[in-house]
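Please take these sequences and the hints and turn them into a complete structure.
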Amino acid sequence: MSSFLGQGATLELDRLEKRFGDRVAVDRVSLTAKSGEFLTLLGPSGSGKTTTLNMIAGFVAPSGGRIMVDGREIEKVPPHRRNIGVVFQHYALFPHMSVFENVAFSLKQRRCRGPEIRSRVSEVLELVGLTGYAKNHPRQLSGGQQQRVALARAIVFRPPLLLMDEPLGALDRRLREQLQLELRRIHQEVGITFVYVTHDQEEALVLSDRIAIFNGGRIEQLDTAETLYNFPQTPFAARFLGESNLIPVARGKRSGEVVVRGLGSTIRCPSTVEVSSDSDLHLLVRPERVRLCAGDLAPIGFNRLQGVVQEIVYLGSLRRIAVGIAPGFVVSVREQAGEWPALAVGEIVHVAWSPDDSTLLEGV
Amino acid sequence: MLAVPAALFLAVFFAYPVGKLLALSFRDSGEFSLQNFRWLFENPAYMRVLARTFWVAAAVTAICVLLAYPYAYLMTLAGKYWRVVLLLCVLIPFWTSLMVRNFAWLVILGSNGPLDSITGWLGLGRPAFLGSATGVMIAMAQILLPFMVLPLYATLRGIDTSLLAAAASLGARPSIAFFRVYLPLSIPGVMAGSLLVFVLSLGFYLTPAIIGSPQNSLLSQLMVIQIDRLLAWGHAGALAFILMIITVALITLAALVGSQSTALKHTTDS
Amino acid sequence: MTWAMRRGPVARYLLPVLGAFIAGWMVAPTLTVIPLSFTARPSFVFPPNGWSTRWYANLIHDATWLEALKTSLIVAILAALTATVLGTMAALGMRRRFFGQRLLAIFLLAPMVVPVVIIAIGIYLVFLPWGFAGTLPGFVFAHSVLGLPFVLVTVTAGLRSLDPQLAPAAASLGASPLRAFFAVTLPLIAPSILIGAVFAFMASFDEVVVSIFLVTPTRRTLPVEIYTSVTRDIDPTVAAAATVITIFTSVLLTAGLVAHARRSFANV
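Protein chains in written order, with my numbering: chain A, 2 to 365; chain B, 14 to 283; chain C, 490 to 757.
By construction, these hints were calculated from the structure, which means they are not laboratory data.
A quick note: this is a predicted structure, and the numbers were derived from the prediction, not measured.
Heads up, the beta-carbon is just placed ideally off N, CA and C, and yes, glycines get one too.
One thing to keep in mind: the hints can contain errors.
[Stated by the list, open to error] Beta-carbon label-pair distances, calculated as ranges: (1) 666/C <-> 192/B: 20 to 28 Å; (2) 116/A <-> 651/C: 44 to 52 Å; (3) 602/C <-> 15/B: 52 to 60 Å; (4) 21/A <-> 197/B: 22 to 30 Å; (5) 175/B <-> 140/A: 29 to 37 Å; (6) 58/B <-> 651/C: 36 to 44 Å; (7) 501/C <-> 316/A: 52 to 60 Å.
Laid out in structure tokens, this is it:
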């Protein structure tokens, strides 16, 4: 597979925009994908990620902005000349052609010769694990197999950039997880730049080098998975990636202090100096950073609140415990099952966390 | 754009001919005039033809409804195999030559024909079907029946049978459930099929021409006679105009009613 | 289904009997033609009281009938071709939404709605000064008008059933719109085009009313020949011709139906 390596293109979107009448589907989106990177566009339906992908592929014309592949502007280039591979959610395999013909299609358009076509098709079928299926037709294959054919078809002509629009969305969970790992492997072997669209945050975490979180046509944050998880910049990003406790707060009297809105209690947090206003201020604490403790036994410096156990959900090796602090204010705690064996609903407990494990977020 | 050749073709060979014919109904000796319409409306014989055309169409429609309803209902009850058989029985005559079917009716309705023998055997005497409006109605009803069965079946099979089960659970006898629940729900299909059959009957030529007689002419025969013998384009145009107006009005009505009921079923269209 | 089965004897016995009767009533008339074509005497008495095949011999040897058959076939083939080309192009051209699309669709389908008599007289009116009456092109053009809506309907349906992502997929793989059409779209709608062509052929081969006006003593079509024979005298050769037509069209349509049934009759 060394013939593939090192050909990943850089992709740059500069204030890319798409308007449908009054509705702004993509609102001046800018990002850069590095050569050979696996970048995921993550977001709920209607957040603009698929429209962005379609503009990169050339299926939708942008209302404004630029798209650059390896520095070359391509907005005016028709899709059949962009040399970008695309994998669709429902495979879009040509039903009247065999697997071989499907995969060879792009090579035929590029006027490759018979022997070269045969060798490259078998090479890529081996890469996706479908050797021997060349003569089958799509309707004879399972969903997972069809998706592999779609992938093979999209990379056989060695495009520097591969776009994938929720390609695993139509598959069941087990198959999805299996193919996710295969995709990672193929990406590492092939070395081209992958841009992947999904609404499944776990999938994004498994596959990506970096993730761009889309919301309402804009990118909320673009970072590595680790950064996104530990240092989200908006409540939306915090909520979308992983579980979160978002405590509505207002600035306290001193820097480093905030007041829980509606409750009045003061808790400590990282410096509040950069916060511009009081409106829509939240404190983020991840549930696994919150611990249960008894009465006064919280470590020094930890924030501590008293509440009543409302719900215990058993998740195998973990437990998720909902603790009601005040009406409408519930803190979710994730803890290793077994730490508090006698815990029951209705018990009075204390939740505690370190201020360093929390983040102040502005916005909705 | 690709649809242009077809549009042009129809404009030349369809829109222009029909348009010219209709336009000629307003001309007499080269000038604008309503003489042709006066010719039509002031002649009681011609008005009888119009009236006859209408009530024949109405009778054919009624016969079709009476026959198609149980047939379509049976189709919804039938198992998969029988349903296909019933459907084929509807579709096959649909596709075989219209001319052949009319010829067959000519044979069946003729004196000494099988129908005559049957009615004689039943003691109903030997009425002359050929040349009578009754004969025309029978033949037309058979030929147009598929146009009633198909829309009706489409509607009937969409009726949720659990509604009837619900009615039964609320204490309704099967006949009550049928009349108060099933029948009203089937009305759109009945309307669609009836409009279709009625419109087709109004303009039908072949069957009245072969089975009927000049004494029992329908609108289309009158039109053809104007041309065949007299080349009276204006007269034919006036008749065509009347027929067109009624056809367009009824089809528009059907489309409006149809779109209202489908609008109730669908939510968004992407 | 179970609810219906609980209904009384009306549904269980009367309905199927009535249904069988109606089904027979729909199919039987066409079938009477076949035995009639073997009658021994020149009469339309049914059932015939003698058997002979002389009417078929008559049919084969009679120049009038053969000429009419030949004309009908040639016209039908050419009209089907014309209607198919125009109708397919129209269906392809109307794939995307555009201003006035609905109106155009209604216009292109109008020949199915306007009563045939009106179309017949109108065409005759216009063909006389143009000198098209009685000519081969005249028949072809007139019949194409009637066949075009059929092709439009079937090809449009075929296009709608296509996966809309196939075209973008082909483009992403490097196929220009033209190459994509020939390599992907056309092979997939070929069955619909074929069925439309068959319907257009049938519409022309069976066409009577328009043809009545356009025929001349030297150029006649088969259905018109049957029509004039039926209204003129009692010649069972007509029955033989009718039988031939029936069998021919039944075979043609059954073939088309079988090909189509494999796709869509699963949800009857």
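To see whether the hints hold, each was checked on the structure:
1. 666/C <-> 192/B: 20 to 28 Å: violated (57 Å)
2. 116/A <-> 651/C: 44 to 52 Å: Violated: the Cβ-Cβ distance is about 33 Å, outside 44 to 52 Å.
3. 602/C <-> 15/B: 52 to 60 Å: Violated - the Cβ-Cβ distance for residue 602/C and residue 15/B, about 23 Å, lies outside 52 to 60 Å.
4. 21/A <-> 197/B: 22 to 30 Å: At 41 Å between Cβs, range violated.
5. 175/B <-> 140/A: 29 to 37 Å: Holds: the Cβ-Cβ distance is about 34 Å, inside 29 to 37 Å.
6. 58/B <-> 651/C: 36 to 44 Å: Given range 36 to 44 Å: violated, Cβ gap about 56 Å.
7. 501/C <-> 316/A: 52 to 60 Å: Holds: the Cβ-Cβ distance is about 57 Å, inside 52 to 60 Å.
Hint check: violations occur at hints 1, 2, 3, 4 and 6; the rest are consistent with the structure.
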